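With the hints as a guide, dock the two chains, each given alone in a separate frame, to form the complex.
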Amino acid sequence: MAFLLRRAAETLLVLLVLSVLVFLLTSMAPGDPAEEILRRGGIQPTAGSVAVLRAELGLDQPLPVRYVRWLSEVVRGDLGHSYVDRSPVTGEILARLPATLRLAGAAALVAGGLAVLASLRPRGLGGRVVTAVTVVVASVPPYIVGILLISVVAVGLRALPTGGDSGPGALVLPALTLGLAGAATLTRLLRADLAQALALPFVRLAAAKGLSARRAVTVHALRVAAPNAITAGGAVLADLVAGAVVVETLFSWPGVGQLAISAIRQRDVPVVQAYVLVIGAATVLLLALVDLCLAAADPRVRRR
Amino acid sequence: MTGPGLTWRRLMGGSPGAGRAGIVLLTAIVAFCGLTPVLSPHDPYLPDPALALLPPAPRHWLGTDQLGRDLLTRTAAAGMVSLLTAFAITAITTALGTLAGTVAGLAGGLPERLLRHAATVALALPGLTLALALAGVLPPGPGTMVAALVPLGWVNCGLVAHTATRRLAGSDFVLATRALGASPSYLLRRTIAPHIAGPVLTVATADFARTLIAATSLSFLGIGLPPPVTDWGGLVSDAVPLLIAAPRLAIAPALALAVTGVAVTLIVDARRLS
Numbered sequence: 001m002a003f004l005l006r007r008a009a010e011t012l013l014v015l016l017v018l019s020v021l022v023f024l025l026t027s028m029a030p031g032d033p034a035e036e037i038l039r040r041g042g043i044q045p046t047a048g049s050v051a052v053l054r055a056e057l058g059l060d061q062p063l064p065v066r067y068v069r070w071l072s073e074v075v076r077g078d079l080g081h082s083y084v085d086r087s088p089v090t091g092e093i094l095a096r097l098p099a100t101l102r103l104a105g106a107a108a109l110v111a112g113g114l115a116v117l118a119s120l121r122p123r124g125l126g127g128r129v130v131t132a133v134t135v136v137v138a139s140v141p142p143y144i145v146g147i148l149l150i151s152v153v154a155v156g157l158r159a160l161p162t163g164g165d166s167g168p169g170a171l172v173l174p175a176l177t178l179g180l181a182g183a184a185t186l187t188r189l190l191r192a193d194l195a196q197a198l199a200l201p202f203v204r205l206a207a208a209k210g211l212s213a214r215r216a217v218t219v220h221a222l223r224v225a226a227p228n229a230i231t232a233g234g235a236v237l238a239d240l241v242a243g244a245v246v247v248e249t250l251f252s253w254p255g256v257g258q259l260a261i262s263a264i265r266q267r268d269v270p271v272v273q274a275y276v277l278v279i280g281a282a283t284v285l286l287l288a289l290v291d292l293c294l295a296a297a298d299p300r301v302r303r304r
Numbered sequence: 001m002t003g004p005g006l007t008w009r010r011l012m013g014g015s016p017g018a019g020r021a022g023i024v025l026l027t028a029i030v031a032f033c034g035l036t037p038v039l040s041p042h043d044p045y046l047p048d049p050a051l052a053l054l055p056p057a058p059r060h061w062l063g064t065d066q067l068g069r070d071l072l073t074r075t076a077a078a079g080m081v082s083l084l085t086a087f088a089i090t091a092i093t094t095a096l097g098t099l100a101g102t103v104a105g106l107a108g109g110l111p112e113r114l115l116r117h118a119a120t121v122a123l124a125l126p127g128l129t130l131a132l133a134l135a136g137v138l139p140p141g142p143g144t145m146v147a148a149l150v151p152l153g154w155v156n157c158g159l160v161a162h163t164a165t166r167r168l169a170g171s172d173f174v175l176a177t178r179a180l181g182a183s184p185s186y187l188l189r190r191t192i193a194p195h196i197a198g199p200v201l202t203v204a205t206a207d208f209a210r211t212l213i214a215a216t217s218l219s220f221l222g223i224g225l226p227p228p229v230t231d232w233g234g235l236v237s238d239a240v241p242l243l244i245a246a247p248r249l250a251i252a253p254a255l256a257l258a259v260t261g262v263a264v265t266l267i268v269d270a271r272r273l274s
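Taken in order, these protein sequences are the chains called A and B. Just so it is clear: in the first sequence, position 177 is 177 by my numbering, and no numbers are missing. Just so it is clear: in the second sequence, position 105 is 105 by my numbering, and no numbers are missing.
Just so you know, not all the hints are guaranteed correct.
A short, non-exhaustive set of chain B residues, derived as facing chain A with CB atoms under 7 Å [said to hold, decoys possible]:
1) 121
2) 124
3) 205
4) 258
5) 261
Since the hints were made in silico from the structure, they are not lab data. From a predicted model like this one, the values you see are computed outputs, not experimental measurements. Cβ atoms here follow ideal geometry from the backbone N, Cα and C, with glycine treated the same way.
Only chain B is shown next, with the shape it has when bound in the complex (with noise of 0.2 Å):
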């Protein structure tokens, strides 16, 4: 009957316009992240250590960084990456999931236990953990994070694409399908995948917050993407000595990265409710 996505609306006393907020601050992020590198005149790479720390002034809206950076687009580009890393990693295992569960569903028998056991093993292993000592031991950069976060990050979309699959792979059109001759793949792509859209996208949103809050702890902790190139945790990281000097250089990309986690929520929840 209910679930934890009931969460937003008894918070707030019934909002549907919740999910809409979300996708209206979405946006906002990702417009802020796309435009501002290309709008604005710094280069968010390029260090003047002439320009270090300096406060916000009408030049630079939020500051400089130790480097002589500055802030805003500084933010917006680790902000970039953070977004098409986390998307990136979540297309990846949502594909992954997808495929193994809609599979596993249609065909039974040993693929479906197959998947039942990698499920079992996957969610009993502890994710984070993991992915950690795969950065660790491999050296910093986009592969290793794709290699950290994929292996355990397709069980839920899995899970839920072979419910549902189960659940339509009985059913009356579905069969009639089949027995008008139609191959498996054709039966995946045109009757199954249209079905099991809805619930796959909301597993794959709740994901992607899953995927950004991991890949940015990496980089928090130093282990994700190496330097110059860096995401919102990165950011973070580097903010941290300077936390009682300059802490608006670790409020800017915290902000940034927790208006997303909210953003994000919000539409998983909406979606969850609807």
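Chain A with its partners taken away, still in its complex shape (with noise of 0.2 Å):
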């Protein structure tokens, strides 16, 4: 009980610093938010105009007292308005979440079959190339993998759209670049764990007394390892959310990083905010769920 409060408490902080970083980039925006809306409407800000506007949105209220109006309002959903064309930004990322949901699952499954497969049999053919794979993978930025699979894949074999949501097809290179990054970490993790709980005396006395080589590791190493791989499969899963955007950009695939890049390229500063808060929450949320599952698993944590 102790534990689950003291890492609920240590969630609320993280969010909290969130929020407040969130909300300190609209003051860290060069020019003025009420000047921007008007300019972007069309209208050629005089000091009267603006100063009505700046107090129908309370920019003229202290810092303090806008954040905690500004994260009331975003507590009951509300994210504020697009500078570029006024519309709601939680609906919009709503509408654009379910696609970087789906490629960031499609990765999931790439990263965690890719890595138990180099785990499983780690001498065997496949799991010596998916490892050296990684290993480089590992060391190289997701986009530089992408260029080559658009290359080889698209470009040269013809055998898949380049980008774009155009079919369940359009899903495999995003999906791929984006897992093959997440097998990396979690392949480097696993393996060392897996090479560890192998050699643990129960494991091998198992083996001496005849188990199979494959139930030595799924029965009991596996699940010796797996509070590590617990773990390092949540991190993994934090930087799929994140990563995804630039995945994204490169395939453009019509997620919440695209709409982040594109927002960002506009200075639309709501729709930045909006998304940096719904993906840094998800991630502490995340991370957060993981430890939860892990101290479930593993009553050594608790006591940490």
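The following block contains the structure:
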């Protein structure tokens, strides 16, 4: 119980820090939001009209007051309005989120599948190839891997589309690009842990008593290595969600990352804010959830 | 006993020369990036539309880009920008992290608790997403890149420096130096620093690789450095629309970046082994 409370307090603290950072983005952006809105609306801002809009938006209030007001709106699900077309940001994010989740989910399957393949049979051909590939991939940014896949598979072999969301085939290359990056991290951790677990006396005893190598790995060693794998898996999943922005840009995948990038190019601060808040909060909550799973699976964690 | 750093040795069946190979590769990359713009007769930034998209030839070894600039010279110049940016940012985060970690490790008490809390928060925040937001809101430039990557970049160095310092703080020779009346600053510089330099350097090298990837990713997304100066990420990004017509435009910077990344990984893993 103490562990739960401590972890919940920690998560709340991180979320608060995140919300303050995200809120401060508006005040860090050069220029005055009211002026920005008027100019983008095609209205030449005058001192009078700016002052009226500032009062209307509450920009004349002190920073802490604005923060509390903004946070209470966010908590109620209102992420503000876009500078560019005045549309509510919440709707825009919700419309784009499924595509990002689909990409991250498919990438997680790729990452998990490859990592298990490399770890179960580390000496087999498949295991060696996967490990070799993932070690190189781990040292290289994901867009480089994506460029390579596009050049070979989409341009060279004409096997798959180079981008967009035109059907199930269009998901393959982006998911593979993102998933390989996750597999790289996961494989590195899982292999090292598995090797350690396999060297444990009780696993070796089981093997000596005639247990097949496959059962030694799956039943005994994997269970010992599992807590670390859960931790790594959570971190990798968080990386996938955050890293999706690069892959979405490269493959013109219509997710929240692409929305964020086009908002950044247009200096549409409320949309950038909403993106960071949603992705950031999702990551923080995901990592907290992983910790809970870990505590359930491994009692030692709770006493740390 | 073992850690993730053992990957290369396991994978390559135990290759003690991997670290040396990494150093040779990295030196070659640095020499290529530093020397090519000096030796090349071409200007990496001066466009000449008449020479646009020439295929590789004796005059332009890798051909030219869409604005008629020599691709080889441009890849090297962009590489210098990438390496210097990553190096500068890593130098700042390493200095900050080491200072915070050693001071907290020696002082204990409140500074130590503050460091722990700051590290917990920094580790839980999504780095790339926050960097993206900062880079997107501030005007593009080197200052923005530093502002985007430094605030969360110090954590690894800070934690390693802290752990190492705490282990040293109770040892006899540190206690003896303290008893002789050494000032905290002398203690840090002369007694602690030499002993934690090894692990801190290893983390700094790994941080360099991560910074290189993060910084070029920002450039790839079009929110890194303002043109005409660009790094490898910017070159790749510019080449994406021409991926079908002239893949070499993307492959040259991509390959250079990949080789650098692998070289640094080799060095880091070799250091962790020793």
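Hints and how they fare:
1. Against a cut-off of 7 Å between C-beta atoms, the interface hint on residue 121 of chain B holds, since the closest Cβ of chain A lies about 5 Å away.
2. Taking 7 Å as the C-beta contact cut-off toward chain A, the hint placing residue 124 of chain B at the interface holds, the least distance being around 4 Å.
3. Using the Cβ-Cβ criterion of 7 Å, the hint placing residue 205 of chain B at the interface with chain A is not satisfied: the shortest such distance is roughly 12 Å.
4. Proximity of residue 258 of chain B to chain A holds as hinted, the smallest CB-CB distance being about 5 Å (cut-off 7 Å).
5. Because the smallest distance between the Cβ of residue 261 of chain B and any Cβ of chain A comes to about 4 Å, under 7 Å, the interface hint for this residue holds.
Checked against the numbered hints given earlier, the structure breaks only hint 3 and satisfies all the rest.
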